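Heads up: the sequence shown is residues 1 to 264, going by the UniProt record's numbering.
Bear in mind the hints are in silico, worked out from the structure with no lab data behind them.
For clarity, every value in this text was computed on a predicted model and none was experimentally measured.
Heads up, a few of these hints could be off.
Cβ-Cβ distance ranges computed for the label pairs, FRET-style [unchecked claim]:
no., residue 1, residue 2, range
1, P21, G99, 37 to 47 Å
2, N40, N18, 39 to 49 Å
3, V128, A100, 32 to 42 Å
4, R133, G63, 40 to 50 Å
5, D168, R144, 46 to 56 Å
6, K20, D115, 29 to 39 Å
7, P74, D168, 16 to 26 Å
8, N45, E134, 21 to 31 Å
9, A100, T60, 15 to 25 Å
10, E13, S141, 15 to 25 Å
11, R144, Q44, 13 to 23 Å
12, D83, F108, 42 to 52 Å
13, Q14, D151, 23 to 33 Å
Derived pair list, reagent style DSS-like, types lysine-lysine, alpha-carbon separation capped at 30 Å [what the hints assert, rightly or not]:
no., residue 1, residue 2
14, K61, K98
15, K101, K20
16, K75, K103
17, K6, K98
18, K103, K61
19, K61, K75
20, K148, K101
21, K88, K98
22, K101, K88
23, K101, K150
24, K20, K95
25, K95, K150
26, K95, K75
27, K6, K101
28, K20, K75
29, K75, K88
30, K61, K150
31, K75, K148
32, K20, K6
33, K98, K20
34, K75, K6
35, K95, K61
All C-beta atoms, glycine included, are put in the ideal place defined by N, C-alpha and C.
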Amino acid sequence: MVAAVKNWGRFFEQAYANIKPGGYLECQEIVFPIRCMDANVTAQNSPLMRWSELFLEAATKIGLDGTGPRHFTPKLRDSGFVDINLKKFKWPIGKWAKGAKFKLLGRFVFEDLMDWLPSSSLGLFTRVLGWSREEVEVFLSECRAEAKRKDRHYYGEVYVWWARKAEDGSNSSYSHEPVLDDEILESDEDDASHHATEGGGVTNVPLPTATDVTQASVDQLSALAVSSKDDEVSESKKSAPETKPEEPASIASKDASATPTPQS
Numbered sequence: 001m002v003a004a005v006k007n008w009g010r011f012f013e014q015a016y017a018n019i020k021p022g023g024y025l026e027c028q029e030i031v032f033p034i035r036c037m038d039a040n041v042t043a044q045n046s047p048l049m050r051w052s053e054l055f056l057e058a059a060t061k062i063g064l065d066g067t068g069p070r071h072f073t074p075k076l077r078d079s080g081f082v083d084i085n086l087k088k089f090k091w092p093i094g095k096w097a098k099g100a101k102f103k104l105l106g107r108f109v110f111e112d113l114m115d116w117l118p119s120s121s122l123g124l125f126t127r128v129l130g131w132s133r134e135e136v137e138v139f140l141s142e143c144r145a146e147a148k149r150k151d152r153h154y155y156g157e158v159y160v161w162w163a164r165k166a167e168d169g170s171n172s173s174y175s176h177e178p179v180l181d182d183e184i185l186e187s188d189e190d191d192a193s194h195h196a197t198e199g200g201g202v203t204n205v206p207l208p209t210a211t212d213v214t215q216a217s218v219d220q221l222s223a224l225a226v227s228s229k230d231d232e233v234s235e236s237k238k239s240a241p242e243t244k245p246e247e248p249a250s251i252a253s254k255d256a257s258a259t260p261t262p263q264s
């Protein structure tokens, strides 16, 4: 929604009008720009972070605010919602993060990003920033290669907001202060440092299962993935015809000039 909604205040007003008293609204939004845990990685030396900044620049020119979810509290309050809460998450891009849960999450985020890069960029970069299609495609190929690097630890910030419509339906402006929760990301290469924190007194806690993949589902998905892979290997063994070792004479008769296949 962050790349589609121009007027969040109006959006929340419409949501409030259509929610029954006592009902809840929940918004889950990614917040730009993309972040990196490595302090030496910037938009000057990272195509992916430069893409993130350019996306923000182009989106701003057409009235979209990629940082908007950071500032939902006053808009929700002004729309009449009460009990406003916020949980912050850091989603790794790729499988660099430590732990099965984050590796699985990072895999999904990476695949989503690969799909989202062209669909979100071609129109904005060509019609708003004035790039040619060829320039965009070359740049996006650099971004995809950058996202695959194992020595850089990219992540996206995700804000999950929820708020309640008062039971009496009154247009109350009362609101609790947002509850900010933040999890720790660690890379496989570093057990102690590389914590993705923003400071400011935010408490580091595990991802709540209410809004993220539960450990049980992670275990099930991981087991399913391993099982599927084993099945594929088993099927390939069954379907592959048996080959007998070549006789020395037939080997000698082969073209000696054939190019050998490099070992991977």
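Evaluated hints:
1. Taking 37 to 47 Å as the suggested C-beta distance range, the pair P21 and G99 conforms, at roughly 41 Å.
2. The hinted range of 39 to 49 Å is satisfied by N40 and N18, whose Cβ atoms lie roughly 48 Å apart.
3. About 40 Å separates the C-beta atoms of V128 and A100, a value consistent with the hinted range of 32 to 42 Å.
4. Take R133 and G63: their Cβ atoms lie about 24 Å apart, and the range 40 to 50 Å is violated.
5. Taking 46 to 56 Å as the suggested C-beta distance range, the pair D168 and R144 conforms, at roughly 52 Å.
6. About 36 Å separates the C-beta atoms of K20 and D115, a value consistent with the hinted range of 29 to 39 Å.
7. Between P74 and D168 the C-beta distance comes to about 22 Å, which sits within the given range of 16 to 26 Å.
8. Between N45 and E134 the CB atoms are about 23 Å apart, so this pair conforms to the stated range of 21 to 31 Å.
9. Distance hint check: the CB atoms of A100 and T60 are about 38 Å apart, inconsistent with the given range 15 to 25 Å.
10. Distance hint check for E13 and S141: the Cβ-Cβ separation is about 42 Å, which falls outside the suggested range of 15 to 25 Å.
11. Distance hint for R144 and Q44: a CB-CB separation of about 19 Å, consistent with the stated range 13 to 23 Å.
12. D83 and F108 have their C-beta atoms about 30 Å apart, which leaves the hinted 42 to 52 Å range violated.
13. Distance hint check for Q14 and D151: the Cβ-Cβ separation is about 46 Å, which falls outside the suggested range of 23 to 33 Å.
14. Distance check on the hinted pair: K61 and K98 sit about 38 Å apart at the alpha-carbon level, beyond 30 Å; violated.
15. Note on K101 and K20: the hinted pairing is violated, with a Cα-Cα distance of about 36 Å set against a maximum of 30 Å.
16. For a cut-off of 30 Å, the pair hint linking K75 to K103 is broken: about 35 Å separates their Cα positions.
17. For the suggested pair K6 and K98, the alpha carbons sit about 36 Å apart, so the restraint of at most 30 Å is broken.
18. Restraint check for K103 and K61: not satisfied, since their Cα atoms lie roughly 35 Å apart, outside the 30 Å limit.
19. Distance restraint check for K61 and K75: the Cα-Cα separation of roughly 22 Å lies within the 30 Å cut-off, and the hinted pair is therefore satisfied.
20. Among the hinted pairs, K148 with K101 is consistent with the structure: their alpha-carbon atoms are about 19 Å apart, no more than 30 Å.
21. The straight-line distance between the Cα atoms of K88 and K98 is roughly 19 Å, inside the 30 Å bound, and the hint therefore holds.
22. The suggested pairing of K101 with K88 holds, with an alpha-carbon distance near 17 Å, which does not exceed 30 Å.
23. Distance check on the hinted pair: K101 and K150 sit about 18 Å apart at the alpha-carbon level, within 30 Å; holds.
24. Between K20 and K95 the CA atoms are separated by roughly 41 Å; this puts the pair beyond 30 Å, and the hint is violated.
25. A distance of roughly 9 Å separates the Cα atoms of K95 and K150; the hinted pair therefore holds under the 30 Å criterion.
26. For the suggested pair K95 and K75, the alpha carbons sit about 36 Å apart, so the restraint of at most 30 Å is broken.
27. Our distance criterion of 30 Å between C-alpha atoms is broken by K6 and K101, whose separation comes to about 34 Å.
28. Among the hinted pairs, K20 with K75 is consistent with the structure: their alpha-carbon atoms are about 19 Å apart, no more than 30 Å.
29. Between the alpha carbons of K75 and K88 the distance comes to roughly 18 Å, so the proposed pair stays at or under 30 Å and holds.
30. Proximity of K61 to K150 is assessed by CA-CA distance (about 34 Å); at most 30 Å being required, the pair is judged violated.
31. Taking the CA atoms of K75 and K148, the gap is near 37 Å; set against the 30 Å cutoff, the hint is violated.
32. Pair hint K20 plus K6 holds up; C-alpha atoms about 25 Å apart against a cutoff of 30 Å.
33. A threshold of 30 Å between alpha carbons decides the hint, and for K98 with K20 the separation of about 42 Å lies outside it, so the pair is violated.
34. This hinted pair checks out: K75 and K6 have alpha carbons roughly 13 Å apart, not beyond 30 Å.
35. A distance of roughly 34 Å separates the Cα atoms of K95 and K61; the hinted pair therefore is violated under the 30 Å criterion.
The structure shown violates the earlier hints numbered 4, 9, 10, 12, 13, 14, 15, 16, 17, 18, 24, 26, 27, 30, 31, 33, 35.
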